[in-house]
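J.: Based on these hints, arrange chain B on the given structure of chain A.
Chain by chain, the residues:
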Amino acid sequence: MLSFAIPGTVIGVAYILAFNVPPIEITGTALILIVCNVFRNMPVGVRAGMAAMSQIDKSLDEASTVLGARGFTTLRTHPAAAAEARHRRGARLQLRARGDHAVGGDLPRLRANTRWATTYIINRVVNGDYGVAIAYSSGADRADAGRDLGRSNGSVGERRLGRRAAGVRHAPHRRARRQRRLTARPGPA
Amino acid sequence: MKAAVDRVPASVTKRYGDVVAVNGVSFTIGAGTLVTLLGPSGCGKTTILRMLAGLELPSSGTIRIGGEDVTARAAAERDVSMVFQSYALFPHMSVLENVRYGLVVSGRPRPTRTSGRAVALATVGLTGLDARLPSELSGGQQQRVAVARALVLEPSVLLFDEPLSNLDARLRRADARGDPRSAAAPQPDRSST
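Quick note, the sequences are listed as chains A and B, same order. Just so you know, numbering that gives the first Met the number 0 puts 40 at position 41 of the first sequence, and the rest follows in order with no gaps. Just so you know, numbering that gives the first Met the number 0 puts 125 at position 126 of the second sequence, and the rest follows in order with no gaps.
Only chain A is shown next, with the shape it has when bound in the complex (with noise of 0.2 Å):
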């Protein structure tokens, strides 16, 4: 957990001072950003997969095991396998949402006459404006929570609980997926 408690400014800065002598010299490359955002962001994953799997039923483990699976078939194809669905979605709002705050970042630095809203309510507040400043922070934030909300629910999908609900909704085109793919696999996989 230590890269969220760093800030994110010194973590890049480490990273800069850090690879940009040999043997790694990566600083200026498009991998030395790849490479900071998926550390700093690895807790996330590691914490997402240890809630996953840990509510994943015991005895699922135990079916398996002895129906004849080994312990690798039995982690591939059952706590991994129903924990991909909700790492997926979980993934995508992470993506959605951290992409967007690190392009919102981004973007203004690349034009120089780019007017970045953050910059403009820090002079407000500087200047003894806080009224205005205020009125835009607020804006801001309701913006940036509209957006990602319309947009976790655009990504997620909407939550289908309830046998019945799931069954009359959604199972048809389901059932007709998987009967396709089991008409076209006649013998077992």
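Cβ pair distances, simulated, as ranges:
1. A:118 to B:134: 47 to 55 Å
2. A:56 to B:40: 17 to 25 Å
3. B:128 to A:145: 40 to 48 Å
4. B:73 to A:142: 53 to 61 Å
5. B:134 to A:134: 46 to 54 Å
6. A:144 to B:17: 47 to 55 Å
7. A:11 to B:58: 52 to 60 Å
8. B:33 to A:45: 45 to 53 Å
9. A:117 to B:16: 51 to 59 Å
10. A:57 to B:40: 16 to 24 Å
11. A:56 to B:76: 19 to 27 Å
12. B:34 to A:45: 40 to 48 Å
Worth flagging that the hints you see were computed from the coordinates, not collected in a lab. Here a beta-carbon is modelled for each residue, glycine too, at the ideal position from N, C-alpha and C.
T.: Structure of chain B alone, referenced to chain A:
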């Protein structure tokens, strides 16, 4: 039960720390017999089944199946199938995928797999429900899938851990009658506990 289950000569004991779950149990079950373990809650019925299935290691004692010592053998290496109290159906797999899972992971030849799963589904009256997910089945149907999944492997020892306990009274009665329309097909005397 195709093979005899023996617990000789040493009686089996299972301890969890200071708690003794199974205290010196010793019995022999003949091949081809159906045995029911009866006892109050917490007396160790499930622990005995789990030790037979290889999901728990006895603290002391020996377990033999078909005359062979399987005490230290992993669950996947024993010719034993178990129907769990909660059924433990794989939620992301369809009925057919659940039933054929054991055949696939055990690496049996393809013709055996195909015929085996069809027979198992027909045996428990689930033909036509192949593509459904477990969440789209009733409690009785889920139980039948669990039974089919265990039957399809044709194990030497078939263990049932209170498979009827999750069904309501009406379904249990229908199950006991062997009514395939509303409950599971297997006879109740196949239950081990």
